[in-house]
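K.L.:
Spelled out from the first residue to the last, the chains are:
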Amino acid sequence: MDFISILSIFVLACFVGYYVVWSVTPALHTPLMAVTNAISSVIIVGGLIASAEAGSDVAKWLGLAAVVLASVNIFGGFAVTERMLAMYKKKDK
Amino acid sequence: MLSFLAPAADVGAHGPVNPWVALAYLVAGVFFILALRGLSSPATSRAGNRNGMIGMAIAVITTLVTHDIANIVEIGIAIFLGGIIGVTIARKIAMTAMPELVAGFHSLVGLAAVLVGWAAYLNPGAFGLLVGDGISAVSKVEMGLGIAIGAITFSGSVIAFAKLSGKMSGSPILLPGRHVINLGVLGAIIVLTALFALAGPADTLPLIVAVTVLAFLIGFLLIIPIGGADMPVVVSMLNSYSGWAAAAMGFTLGNTAMIITGALVGSSGAILSYIMCRAMNRSFISVIAGGFGADDSGGGSGEPREQRPYKQGSAADAAYMLEQAEKVIIIPGYGMAVAQAQHALREMADLLEERGVEVKYAIHPVAGRMPGHMNVLLAEASVEYDKVFELEDINSEFAQADVAFIIGANDVVNPAAKTDKSSPIYGMPVFDVDKAKQVFFIKRSMGGVGYAGVDNDVFYMDQTMMLLSDAKKMVEEIVKALD
Chain A
187 MDFISILSIF
197 VLACFVGYYV
207 VWSVTPALHT
217 PLMAVTNAIS
227 SVIIVGGLIA
237 SAEAGSDVAK
247 WLGLAAVVLA
257 SVNIFGGFAV
267 TERMLAMYKK
277 KDK
Chain B
976 MLSFLAPAAD
986 VGAHGPVNPW
996 VALAYLVAGV
1006 FFILALRGLS
1016 SPATSRAGNR
1026 NGMIGMAIAV
1036 ITTLVTHDIA
1046 NIVEIGIAIF
1056 LGGIIGVTIA
1066 RKIAMTAMPE
1076 LVAGFHSLVG
1086 LAAVLVGWAA
1096 YLNPGAFGLL
1106 VGDGISAVSK
1116 VEMGLGIAIG
1126 AITFSGSVIA
1136 FAKLSGKMSG
1146 SPILLPGRHV
1156 INLGVLGAII
1166 VLTALFALAG
1176 PADTLPLIVA
1186 VTVLAFLIGF
1196 LLIIPIGGAD
1206 MPVVVSMLNS
1216 YSGWAAAAMG
1226 FTLGNTAMII
1236 TGALVGSSGA
1246 ILSYIMCRAM
1256 NRSFISVIAG
1266 GFGADDSGGG
1276 SGEPREQRPY
1286 KQGSAADAAY
1296 MLEQAEKVII
1306 IPGYGMAVAQ
1316 AQHALREMAD
1326 LLEERGVEVK
1336 YAIHPVAGRM
1346 PGHMNVLLAE
1356 ASVEYDKVFE
1366 LEDINSEFAQ
1376 ADVAFIIGAN
1386 DVVNPAAKTD
1396 KSSPIYGMPV
1406 FDVDKAKQVF
1416 FIKRSMGGVG
1426 YAGVDNDVFY
1436 MDQTMMLLSD
1446 AKKMVEEIVK
1456 ALD
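So the protein lines, in turn, are chains A and B. Note that the first sequence covers residues 187 to 279 in this note's numbering. Note that the second sequence covers residues 976 to 1458 in this note's numbering.
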């Protein structure tokens, strides 16, 4: 993909992010931070590529370390978000 | 740039793209958008979180199946290890510790970005970045930026974590000439990144090392001068940085899932920072410059405080008057989180509701140490979210309230924000508690003032009763008196 296509996706995604995040209710701002944290760990993709491909041993170990860190974040982030969201209840006694 | 998906390692940065793989990453990106969209209401939020998980699974599986994995066992162990650690932390963490947890998680994203950037630098062939015998200048700029933003996110978040968890003093640490130092380091990072992009393959190593080291340094320098009350802004800002770091890596690798996610997270953090700054009536620049309430920022704080008369009450007095009330509005602040008083508070509200008192909760955007901090704690104590209101939705109701019950908050009810132009918090939107018939103010002692370091006229109003004690103990005593 050329640079301009990638830039287009990026700019449009910023706008999508802008409108979607303004629609998030302030009561859920903490879960919002936890879940954005989890999804930004999609950077694990880079770690996986580095550790999967042959070519450089150092790069492989850096990649594996990145995979560990990102996994902590992915599993921890989604789990803690789930735990928080489960606590939000409406009045239904 | 998606050419890394092709098996051969030397296709170059503009090789053929496998459309199915690109599509899979796009779908993952869409699921991430849906994950955030779900958070528009608590009712849809859990489905949103599931969408996030699906998106992540798609991205990871796509990566794994499109590469010749030389060492699947090691990768499996790495994911398993990280997963166990992550889930354990998520299960055990106390809800009051959520700000430092989030800061800690941000630091991991930052460090992962640095590691991925370095891996791409050391093994560009694996990422399809090789053009001839080197990496293209554009890729190197993206790589340098990704590493720099990741490193800033890492060291900044580590400091934020240390401050939030009390491992380091929360008060601002002000170095002389810090603005000059910071601007100098930032300038050096930009110049070195440019040199890195233009350098020949043999000369790049010292430059990228220098960029990495300086970026770690500036992350540290940027956060140490920022004080406790500004932490909601810092946490949001680091949230934003972690997104931009992921986006920069997405540019380097030509990966749409990473770019979409990075843009979403980046704008999310930026919007939260903006909301926090607006709620304190401070500019983003002044928060970043640091030193709130600690340097020459304003008048009100410096002058010696005169002793003014105030009324002090007991738990029994408060219980008696709360029972008589028709409408009570509770304003929680960081002090409630510190004292872990949310459960006792819910018990008190339950007892009052049994007696026909209407109880509502009013939450200021900057209450606590991160956006939405108070909401999570109240949810933890099983307070229904339809009783919890934001500042602008409830502020007009204080005129009809019999009791404004302030627990662990201070600056967010300080009328100086409306009247005293010399006050450091002037212009900050605050709750109109002075309009309520009575104000109960739970506070440890009369000595301490809010983080802004300003006196609060609410203490001395005729209708105010100070309840001087630990928040949890006081509320528990009120509960006992109500029983």
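To be clear, the hints were calculated from the coordinates, so they are not data collected in a lab. Each hint should be verified, as a subset may be incorrect.
Cut-off 16 Å, straight-line C-alpha distance, at most; resulting in silico cross-link-like pairs (EDC-like, lysine to aspartate or glutamate) [to be verified]:
hint, chain 1, residue 1, chain 2, residue 2
1, B, LYS1412, B, GLU1359
2, A, LYS276, B, ASP1325
3, B, LYS1335, B, GLU1301
4, B, LYS1455, B, GLU1355
5, A, LYS275, B, GLU1359
6, B, LYS1302, B, GLU1355
7, A, LYS276, B, ASP1292
8, B, LYS1393, B, ASP1377
9, B, LYS1067, A, GLU268
10, B, LYS1362, B, ASP1395
11, A, LYS275, B, ASP1361
12, A, LYS276, B, GLU1301
13, B, LYS1396, B, ASP1430
14, B, LYS1410, B, GLU1452
15, A, LYS275, B, ASP1377
16, B, LYS1067, B, GLU1355
17, B, LYS1410, B, ASP1361
18, B, LYS1335, B, GLU1359
19, A, LYS276, B, GLU1452
20, B, LYS1335, B, ASP1325
K.L.:
Given the hinted pair B/LYS1335 and B/ASP1325, is their Cα-Cα distance within 16 Å?
P.N.:
It holds: about 11 Å lies between the C-alpha atoms, which stays within 16 Å.
K.L.:
With a cut-off of 16 Å on the C-alpha distance, tell me whether B/LYS1412 and B/GLU1359 pass.
P.N.:
Roughly 26 Å between the alpha carbons, so the hint for B/LYS1412 and B/GLU1359 is violated.
K.L.:
Take the C-alpha atoms of B/LYS1410 and B/ASP1361, compute the straight-line distance between them, and say whether it is at most 16 Å.
P.N.:
Not OK: B/LYS1410 and B/ASP1361 at ~23 Å, beyond 16 Å, violated.
K.L.:
For the pair we were handed, B/LYS1302 and B/GLU1355, check the Cα-Cα distance against 16 Å.
P.N.:
violated (23 Å)
K.L.:
For B/LYS1362 and B/ASP1395, compute the direct alpha-carbon distance and say whether it is at most 16 Å.
P.N.:
With a Cα-Cα distance of about 32 Å, the restraint between B/LYS1362 and B/ASP1395 is violated, given a limit of 16 Å.
K.L.:
Would you mind confirming whether the straight-line C-alpha gap from B/LYS1067 to B/GLU1355 stays at or under 16 Å?
P.N.:
holds (14 Å)
K.L.:
Tell me if the straight-line CA distance from A/LYS276 to B/GLU1301 falls inside 16 Å.
P.N.:
violated (22 Å)
K.L.:
Sort out whether B/ASP1292 lies within 16 Å of A/LYS276, counting only the CA atoms.
P.N.:
violated (32 Å)
K.L.:
Is the straight-line distance between the alpha-carbon of A/LYS276 and that of B/GLU1452 16 Å or less?
P.N.:
Violated, because 28 Å separates the two Cα atoms, which is more than 16 Å.
K.L.:
Hinted pair, alpha-carbon criterion (16 Å max): B/LYS1335, B/GLU1301. Please report holds or violated.
P.N.:
holds (11 Å)
K.L.:
Measure nothing beyond the straight line between the CA atoms of B/LYS1067 and A/GLU268; if it is 16 Å or shorter, mark the hint as holding.
P.N.:
holds (13 Å)
K.L.:
Going straight from one Cα to the other, do A/LYS275 and B/ASP1377 come out at no more than 16 Å?
P.N.:
Judged against 16 Å, a Cα distance of about 27 Å means the pair is violated.
Comparing the model with each earlier hint shows violations of hints 1, 4, 6, 7, 8, 10, 12, 14, 15, 17, 19; every other hint is respected.
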